[in-house]
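Make a model of the complete structure from these sequences and hints.
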Amino acid sequence: MFRNQYDTDVTTWSPAGRLFQVEYAMEAVKQGSAAIGLRSKTHVVLACVNKANSELSSHQKKIFKVDDHIGVAIAGLTADGRVLSRYMRSECINYNYTYESALPVGRLVVQLADKAQVCTQRSWKRPYGVGLLVGGLDESGAHLYYNCPSGNYFEYQAFAIGSRSQAAKTYLERRFGSFQESSREDLIKDALIATRETLQGEKLRSSICTIAVLGVGEPFHILDQDTVQQLIDAFEIVADEEPPAADPPTGEAEQGAASEEGAAADQGAAADQGAAADEGAAPMDI
Amino acid sequence: MSLSESNQAQHNSLLSSDSQRTLYPYVTGTSVVALKYKDGILMAADMGGSYGSTLRYKSVERMKPVGKHSLLGASGELSDFQELLRYLDELILYDNMWDDGNSLGPKEVHNYLTRVMYNRRNKFNPLWNTLVLGGVKNGQKYLGTVTMIGVHFEDNHVATGFGNHLARPILRDEWHENLSFEDGVKILEKCMRVLLYRDRSAVNKLQIAKITEEGVTISQPYSLKTFWGFSAFQNPTVGAEGSW
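The listed protein sequences derive, respectively, from chains Y and G.
Take the first sequence: its letters are residues 45 to 330, numbered as in this note's numbering.
Take the second sequence: its letters are residues 277 to 520, numbered as in this note's numbering.
A couple of the hints might just be wrong.
As a list, the in silico DSS-like pairs of lysine-lysine whose alpha-carbon atoms are at most 30 Å apart [to be verified]:
| no. | chain 1 | residue 1 | chain 2 | residue 2 |
| --- | --- | --- | --- | --- |
| 1 | G | Lys-462 | G | Lys-501 |
| 2 | Y | Lys-105 | Y | Lys-159 |
| 3 | Y | Lys-74 | Y | Lys-213 |
| 4 | Y | Lys-85 | G | Lys-383 |
| 5 | Y | Lys-85 | G | Lys-481 |
| 6 | G | Lys-466 | Y | Lys-109 |
| 7 | G | Lys-481 | G | Lys-466 |
| 8 | Y | Lys-85 | Y | Lys-109 |
| 9 | Y | Lys-105 | Y | Lys-85 |
| 10 | G | Lys-481 | G | Lys-344 |
| 11 | Y | Lys-74 | Y | Lys-247 |
| 12 | G | Lys-314 | G | Lys-383 |
| 13 | G | Lys-413 | Y | Lys-85 |
| 14 | G | Lys-344 | G | Lys-501 |
| 15 | G | Lys-344 | G | Lys-383 |
| 16 | G | Lys-501 | G | Lys-481 |
| 17 | Y | Lys-159 | Y | Lys-85 |
| 18 | G | Lys-383 | Y | Lys-159 |
| 19 | Y | Lys-109 | G | Lys-314 |
| 20 | Y | Lys-85 | G | Lys-466 |
| 21 | Y | Lys-74 | Y | Lys-105 |
Keep in mind the hints are simulated off the structure, nothing from the lab.
This is how it looks when you write it as C-alpha cells:
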C-alpha cells in the first residue's frame, strides 16, 4: 500500500470506495506476532507466539481470559487489545450480574464489532489496531470468531492472524475438515503444529508459545509451560513432515515412535539444539 | 424513552416530594401458589382484583407467559404487574432481535426481575408485587420468587401472601419429586380451596397454568366446589343471643 491523498483521515473515502486508515489498521494486525485459534464442537484452543523485545525482557501477554467461558487471543497493538479485553470482561460480568448466567459469546462479539465500527466513523478517533480471535461457548456449543479493526467479525472453524500466519492457515486449511469432531488433545496438537508452522524452522519450545483451552465443562485457562513442553515433546513431528494418509489423528504414541525414527534422517535447523529437554541448558555448555 | 421521562419526573418531584413514589397499593391480587412437577411447573392464582376490602374486579389474569420458556405470576399491585410486563416485553423483544439461537431462560428472567425490584426498592419507589417465576429450559425446571424488596430465592414450591401461611404447610407435607400432572393439580386445588375459605380477598374463580418444555398453557377460568353445610353454621348465634 502506498501513501495517497485519501489516507489521512478515517472519515475520508477514497474514490475507489476504500477507507485507507481502516486498512492500515488491519496492516498493524498483520505485523503483530501470530495468534491461532481452532475449535471443535465442544472445545476451543487458542495459541500464540510470544515475542519479546529482547532476551532480557518478558514477552507480551497476548491471550486473555474474559470469563470462564470466553477467552481471546490478540495480534497487533497489544495495548489496544488490553483495552478491548477489559471491555469484554466488563460486559461479561455485567451480564452475569443481571442475569446470573453466561453472556453468549456470539452476542459479545457483535458488541465488540459495533464498538470497533464506531472508531471507523468518527473524525476524532482512530480504529483499534488489533485483531482478536475470540473463543467461547454458547447455547449451541463452542465458537471461534475473528474481530477485525474494520468492525467486521466472522466465525471460523480455525484461523490464524499476525505475521507468518499464512503458513499456519495453509496447515489449518488442509486439516480443518476433521476439527469439528476432534478430541481436545488432537485439537491442542493441531494448534501446536500450526504454531510451529509460523516459526519457519525455529524450534518449537514452550517458552516461545502460549496455549489456552476452553470447552464444555472446562473453564478457560492457559496451560502452564511444563504442560505445554510435555505436549510438544509428545507431539513432536519433524518440521515439514505431513502424516501421509491425512487420517484422523491416531494415538500420540504412534506419532512419537514414528518421529523418533524419522529424526535421525531428517534435516533440522533444530538438530543442533539437541533434545527439547536441553532447552533450559546454558549456552556455556557448548 | 419512558424510563428517562420517569427519571426526570422523579427529579422534579424531589422538589414536591412524594407525589411520584409508591406509598401503598390500590388494586391488589392475592396469593399465587406454584410447584414443580414431573414435566415442568404448575401455577395457580385466582382472578380477583381487590380495591381495599372490596372485591372489585373478578376477571383479572394474574399469570402471563414471558418469552418461550417462562411463566410469571404476580400478587400485589396490579398496575405494577402490568408495568413489569412492559419491561419484560421489551427485554424479550431485544432478546429475540439478536436472532442468534440464544434465548433468555427462566433463571435469567428471574434474576433480571430481582435486579429491577431491588433497584426500585433502593430508590424508595417499589413495585408493590410478590412475583412467582417458573419455567423449563433444556429440560431444566426452574421455580423462583421475588418480593417487592428484592428478596429472591428458588424452591420446589412457592407461594405469595396468604399462601405462605395457608398453602405452604400443605405443600411441605404433600409435595414430592416427579408429581404427575393430575396429582399436582390436586395439591394446588387443595391449597386454593383453603385460601378461598380463609383469605378474605380470595374469589372463587381461578386459573391453573402449566409450563413445560413444549410451552405455556393457562386454563380457562373455573371455580372450586365448596361446602358450607357444617352444623356450626346453623344457628351460629345460639350461644350468644343478639350477636351477629
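message = If you test the structure against every hint from before, which numbers come out violated?
response = 5, 6, 14, 19 and 20
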